[in-house]
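Engineer: The primary structure of each chain is shown beneath.
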Amino acid sequence: MDFLAPTSWAEALETKAAHPDALPVAGGTDVMVELNFDHRRPAALLDLNRVPDLQEWSRTDDGRIRLGAGVTYSRVIAELGGTLPGLAMAARTVGSPQIRNRGTVGGNLGAASPAGDSHPALLAAFAEVEIASLRGTRVVPVAEFFTGVKRSVLEPDELIAAVRTTPPAGPQQFCKIGTRNAMVIAVSAFGFALHPDRREVGTGIGSAAPTPRPAPAAAAFLAGELEAAGLWESRGPLPENLATDFGRRVRDAAAPIDDVRGSAAYRLHALSVMARRAATWAWDSYRDENRSAA
Amino acid sequence: MRIELTVNGTRREADDVWEGESLLYALRERLGLPGSKNACEQGECGSCTVYLDGTPVCSCLVAAGQAQGREVTTVEGLRDGDDLDPVQQAFVEKGAVQCGFCTPGFLMSTKDLLDRNPTPSDPEIREALAGNLCRCTGYEKILDAVRAAAAERAR
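These protein sequences, in sequence, are chains A and B.
With this note's numbering as the guide, the letters of the first sequence map in order to residues 1 to 294.
With this note's numbering as the guide, the letters of the second sequence map in order to residues 1 to 155.
Simulated from the structure, these hints should not be mistaken for laboratory data.
Note that CB positions come from ideal geometry on N, CA and C, so glycine has one too.
Heads up, a few of these hints could be off.
Claimed, not checked - If you anchor each label on the Cβ, the simulated ranges turn out as follows:
hint	chain 1	residue 1	chain 2	residue 2	range
1	A	T83	B	D15	39 to 47 Å
2	A	P20	B	P118	43 to 51 Å
3	A	A78	B	G9	26 to 34 Å
4	A	P52	B	M1	17 to 25 Å
5	B	E140	A	E227	52 to 60 Å
6	A	D62	B	R153	45 to 53 Å
7	B	D15	A	D62	49 to 57 Å
8	A	A18	B	G100	44 to 52 Å
9	B	D16	A	D62	47 to 55 Å
10	B	G81	A	P20	45 to 53 Å
11	B	E140	A	T60	48 to 56 Å
12	A	P210	B	R153	46 to 54 Å
13	B	R135	A	D21	34 to 42 Å
Said to hold, decoys possible - So these bits of chain B aren't anywhere near chain A, every CB distance computed over 10 Å:
hint	residue
14	T6
15	D16
16	L33
17	P34
18	L84
19	P118
20	D122
21	T137
22	E140
23	R147
Model the full assembly from the supplied sequences, consistent with the hints where possible.
Structural biologist: Right, dumping it as structure tokens:
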């Protein structure tokens with residue numbers, strides 16, 4: 001095995017092109033488990049810790065956030081908790097302090113686990129993945145990034161550079177079900193975002209399908225009902241039956257399996273409850289914003 | 001491969017490090033520092049907790065090569081000469097140590113907590129220690145020790 005440790009982004013892309021079978025490692029919280037348990041023997045490790053560009057986040061000229069792939073969950077919570085609330089809520093549920101100090105959003109995407117904690121939040125926020133290689137840079141919506149269990153659109157010569165996302169115009173929520181609060185892989189999870197500026201709803205389902213996925217039909221249904229009832233302007237209460245119906249439609253977008261963490265039936269039920277609650281909480285925050293502004 | 005790093009303030013080097021090897025293995029088997037414990041090897045138990053450039057991490061999930069040129073602090077680095085760190089002393093006095101296997105990790109997490117937050121509330125203590133598992137004590141004596149260490153450091 002080789003240990004490749006580029007010290008610049010340009011060198012990292014050159015190294016990946018020259019060693020397409022090298023396994024990128026950032027925080028190591030997924031990769032090192034596979035090595036420790038002899039589940040994987042890559043030809044080489046490509047350490048991305050020494051690439052300064054990846055460790056930074058910035059606000060771009062168009063007001064969006066560009067989150068370098070190597071920014072840790074601890075830093076997302078400390079530095080972006082107010083700016084990207086949905087992602088920060090998800091980050092707080094990751095593992096433990098030690099894991100959050102090492103794990104990164106880019107690593108989460110690269111591992112492409114259906115249970116990745118950041119994915120539902122990124123989906124709900126309509127975030128995009130910036131992917132680069134010597135051939136150039138492309139930007140892929142998170143909803144189109146995952147192609148199967150632990151599979152993504154990444155080509156062998158490509159690396160994840162950053163996540164691009166817009167600071168939200170409305171409230172965001174994140175729910176995760178597990179056997180306890182800390183150190184838990186989601187049994188299922190749900191991300192939710194209100195986008196009042198575009199009169200849209202964002203959704204993200206975790207751990208209940210081969211890939212993280214949005215629930216576009218449920219989102220369009222809720223946004224349409226809010227529009228039809230004039231609720232975006234009036235900020236009236238969210239009808240209980242509408243929240244429940246939304247929850248059912250989110251459930252219908254999932255395709256879970258039975259496994260050691262939970263049954264498919266439990267995951268479906270949990271999703272319908274989480275989606276109903278997340279929508280209600282977010283809508284209540286949206287109404288509160290109006291009151292505090294008035 | 002060879003790695004060079006600073007461990008507990010001393011420049012160290014290790015040869016014949018396998019490229020996929022963890023920092024934990026290098027510390028224990030190549031650098032003669034068995035204080036950090038090897039239990040779950042998947043970041044769940046916290047018994048291998050060390051500071052990497054001052055930040056608590058599971059050393060089982062850091063590739064040894066990622067520690068090249070960095071500063072690592074292990075439980076062996078907590079004491080000051082012959083004196084135990086106040087956190088270590090509190091664990092001894094409060095009966096927070098039973099089999100002792102988890103203790104090095106708890107000491108590292110506790111000291112980091114008190115360095116950042118000298119007067120933690122109980123929920124803050126529980127959150128800070130959420131990545132460390134103990135199968136003996138039931139945690140109550142550990143919580144006692146953390147409160148006692150905080151009080152001692154404030155004196």
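Engineer: Go ahead and decide if the range 17 to 25 Å is satisfied by the Cβ distance of P52 of chain A to M1 of chain B.
Structural biologist: Taking Cβ atoms as reference, P52 of chain A and M1 of chain B lie about 23 Å apart, which means the hint holds.
Engineer: Minimum C-beta separation from P34 of chain B to chain A exceeding 10 Å: can you confirm that?
Structural biologist: Check passes; 18 Å lies beyond 10 Å.
Engineer: Mind checking the hinted window 45 to 53 Å against the Cβ distance between D62 of chain A and R153 of chain B?
Structural biologist: With Cβ atoms ~48 Å apart, the hint holds.
Engineer: Taking 10 Å as the cut and beta carbons as the points, is T6 of chain B off the interface with chain A?
Structural biologist: Consistent with the label, T6 of chain B stays out of reach of chain A, its closest Cβ about 16 Å off (over 10 Å).
Engineer: Take the C-beta atom of P20 of chain A and the C-beta atom of P118 of chain B, compute their distance, and say whether it sits inside 43 to 51 Å.
Structural biologist: holds (50 Å)
Engineer: In terms of Cβ atoms, is chain A entirely out of 10 Å range of L84 of chain B?
Structural biologist: holds (23 Å)
Engineer: Using the beta carbons of A18 of chain A and G100 of chain B, state whether their distance is inside 44 to 52 Å or not.
Structural biologist: Given about 47 Å between the Cβ atoms, the range holds.
Engineer: Taking the shortest Cβ-to-Cβ distance between T137 of chain B and chain A, state whether it exceeds 10 Å.
Structural biologist: holds (17 Å)
Engineer: Verify this label for me: E140 of chain B is non-interface relative to chain A, using a Cβ-Cβ cutoff of 10 Å.
Structural biologist: holds (18 Å)
Engineer: Okay, D15 of chain B versus D62 of chain A on CB: inside 49 to 57 Å?
Structural biologist: holds (51 Å)
Engineer: Would you say the C-beta atoms of A78 of chain A and G9 of chain B sit inside 26 to 34 Å of each other?
Structural biologist: holds (27 Å)
Engineer: For L33 of chain B, is the shortest beta carbon distance to chain A beyond 10 Å?
Structural biologist: Its Cβ never comes within 10 Å of chain A, the nearest being 18 Å, so this holds.
In summary, this structure violates none of the numbered hints.
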